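Chains as they are written, first to last, in the working numbering: chain A, 1 to 257; chain W, 1 to 326.
Note that these hints are calculated values from the structure, not bench results. Because the structure is a prediction, the values reported are computed rather than measured. Note that the Cβ used here is the ideal one computed from N, Cα and C, for glycine as well. Incorrect hints may have been included.
Pairs of lysine-lysine residues, derived as DSBU-like cross-links and limited to a Cα-Cα distance of at most 30 Å, are as follows [what the hints assert, rightly or not]:
(1) W:K138 - W:K48
(2) W:K217 - A:K123
(3) W:K299 - A:K196
(4) W:K138 - A:K172
(5) W:K217 - W:K138
(6) W:K25 - W:K141
(7) W:K80 - A:K193
(8) W:K25 - A:K22
Derived contacts from chain A toward chain W, CB cut-off under 7 Å, selection only [as the list claims (entries may be wrong)]:
(9) I91
(10) T92
(11) T100
(12) F109
(13) L112
(14) L192
(15) K196
(16) G197
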Amino acid sequence: MKVSNLFVWQGRRNAMDDILLKVEDISLKRNGRYILRQVNLSVRRGEIHGILGLNGAGKSSLAYTIMGCADYVPDEGRILFEGNDITHLSITERARLGITLAWQEPARFEGLRVSTYLSLGMKEPDRTRIMEALEAVALPPSAYMHRFVDNTLSGGERKRIELAAVYAMRPKLAILDEPDSGVDILSLDDVLKLIKGMASNGTTVLLITHRDEALEIADSASLMCQGTILYRGNVEQVRQYYAQRCKLHPEMLKSPG
Amino acid sequence: MRLHQLKTAEPSWVREYEGMLEALKQAGGDPSAITSGKFATLVVSANKVLAKSELPGIHFEAEELPTGIHARIFVEPGTKITKPVHLCFGMLAEEGVQEIIACYEIGDDAQVAFFAHCTFPNAQELKHLMEATIRVGKNAKMSYTESHYHGPYGGIEVRPHAKVFVGEGGKFMNNFNLIHGRVGSLEIDYEVDVGKEGVAELVARVYGTGTDRISVKEFIRLNGERAKGLTKTRVAVREQAMSEVFTTIEGNAPYARGHMDCTEIVRDRAIAKNMPLVIVRDDRAQVTHEAAIGTVNRKELETLMARGLGEDEAVDIIIRGMLQWV
Ligand SMILES: Nc1ncnc2c1ncn2[C@@H]1O[C@H](COP(=O)(O)OP(=O)(O)OP(=O)(O)O)[C@@H](O)[C@H]1O
Ligand SMILES: [Mg+2]
Chain A
1 MKVSNLFVWQ
11 GRRNAMDDIL
21 LKVEDISLKR
31 NGRYILRQVN
41 LSVRRGEIHG
51 ILGLNGAGKS
61 SLAYTIMGCA
71 DYVPDEGRIL
81 FEGNDITHLS
91 ITERARLGIT
101 LAWQEPARFE
111 GLRVSTYLSL
121 GMKEPDRTRI
131 MEALEAVALP
141 PSAYMHRFVD
151 NTLSGGERKR
161 IELAAVYAMR
171 PKLAILDEPD
181 SGVDILSLDD
191 VLKLIKGMAS
201 NGTTVLLITH
211 RDEALEIADS
221 ASLMCQGTIL
231 YRGNVEQVRQ
241 YYAQRCKLHP
251 EMLKSPG
Chain W
1 MRLHQLKTAE
11 PSWVREYEGM
21 LEALKQAGGD
31 PSAITSGKFA
41 TLVVSANKVL
51 AKSELPGIHF
61 EAEELPTGIH
71 ARIFVEPGTK
81 ITKPVHLCFG
91 MLAEEGVQEI
101 IACYEIGDDA
111 QVAFFAHCTF
121 PNAQELKHLM
131 EATIRVGKNA
141 KMSYTESHYH
151 GPYGGIEVRP
161 HAKVFVGEGG
171 KFMNNFNLIH
181 GRVGSLEIDY
191 EVDVGKEGVA
201 ELVARVYGTG
211 TDRISVKEFI
221 RLNGERAKGL
231 TKTRVAVREQ
241 AMSEVFTTIE
251 GNAPYARGHM
261 DCTEIVRDRA
271 IAKNMPLVIV
281 RDDRAQVTHE
291 AAIGTVNRKE
301 LETLMARGLG
311 EDEAVDIIIR
321 GMLQWV
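Excised from the complex, chain A in its bound form:
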């Protein structure tokens, strides 16, 4: 563990208990099989919390469950946001409380312009903020503002626009589902810089990824495996466990989750 990380982490820990999001014992079944199994997760206000896990670990399912997507009503457990139970709120209600999600594979919209799309999450459409958001994802506003968010955008462009939309919205909690997938390695740094930018704007970030190097910017992290969170806490530790392909480790079993 890097000493500096430890210091930051412990510093936050002391200031903790300002828990923004709390997931308590969430389980979700599909065709009799658990996709999420007794997931527990706390995210503190202002932190970047990484969720690392292999393909199929249940990361996206957890993201949809927190966002409140229609097919992701948990069979057990509850979700608290700023101390209030939001388990039964609609997506719209959760979004209005300040939660949003950048999809792993964002939807495409016929006839909807980038500028309009970016303004949807704002209280008042604000051109300057839209331009700022596009610049933050390294897309020149003049070239992209008037394009459509349809299938004429490349996969990477669409992902950047999704991040720009979240950036422009300035939510309290941004769930970013693999923001680094589909964007080229060179621009991983750009993406990470952007996420740090979101955090400095006051957004708490739940950063879902299967690329452990993306966790460099995280304050804390969780390791997800087979529908459950195996370990929560220190970033370096999570990266190490992940490198061992989530092999069960005696220390993990001791982790408070």
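Chain A is already provided as a structure; the job is to place chain W with the ligands on it using the hints.
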């Protein structure tokens, strides 16, 4: 507002004219196109021609009938009208009938683009009937963009019917829009005969809500060698609205090419139908069709809701995007 083109000073007609321009604005149009005097325009309310202005090469003749007008619109051969021609039909009354019998003659090698604004902002029990005969000359090009606004009540029956003849190498493009306010009952009926190397494109976009009834009938006969025909229909129906889209393309000549493309979105208890009919009489002709009818994509909906939009609002944005995206 400049009223210099107004043909009458009678206060009630002045008010009617102003009201129609206001309604045009509500429907997303720009009234200055009519009032600026820079464009050829014809404004008809009920059976009265309120304003008329011509430009060199384009002429309007209009005769008032008891419940409408008989109009002849003529573009001289070889004339290219570079500025759009604005036609404005409608009435502010809540009830009544407006019947437009129109004859468009686009001379050989001429070019013209019409923008027709059809506004009935207060319609409660109204009928608007259009019987048009359109002749597009040899190598001539005509586009006709028709935008309707029927107000919030749905008390209107609108029947735009047209018979179109496209000459050799001619091009006819029709673009019908009814996406603001209620539809009421709409029956589009277009029949197009296309000559050698001619082109016909019919685009219709309609958004029905409440108890709206939409019927789109389009028939294209590709009679000349290498004639081309395309229908593009985008319809959305919500609540108890119903839509029926019947399109037919006949490939009657060698190398004629036709395509029908229909997308409809249904929500709530609405019903949408699409019946494309392909007839081919020459083994070198080819006519194809594609249709998709379904509800709003769940992921698209949830994406917009995750930005704080209500479900209805999100559906509306998705539908309007689909309608615009042609
Ligand atoms: N609707 C569904 N029906 C059946 N199984 C599902 C459904 N949705 C997800 N699953 C399964 O649940 C598991 C978790 O999926 P999820 O998409 O949450 O994984 P993930 O961690 O996001 O993976 P990736 O890294 O590939 O994005 C997978 O095994 C997946 O096949
Ligand atoms: Mg995933």
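Against the structure, the hints:
no., hint, verdict
1, W:K138 - W:K48, "33 Å, violated"
2, W:K217 - A:K123, "43 Å, violated"
3, W:K299 - A:K196, "27 Å, holds"
4, W:K138 - A:K172, "64 Å, violated"
5, W:K217 - W:K138, "26 Å, holds"
6, W:K25 - W:K141, "28 Å, holds"
7, W:K80 - A:K193, "55 Å, violated"
8, W:K25 - A:K22, "50 Å, violated"
9, I91, "4 Å, holds"
10, T92, "5 Å, holds"
11, T100, "5 Å, holds"
12, F109, "5 Å, holds"
13, L112, "4 Å, holds"
14, L192, "23 Å, violated"
15, K196, "22 Å, violated"
16, G197, "19 Å, violated"
Of the numbered hints listed earlier, those contradicted by the structure are 1, 2, 4, 7, 8, 14, 15 and 16.
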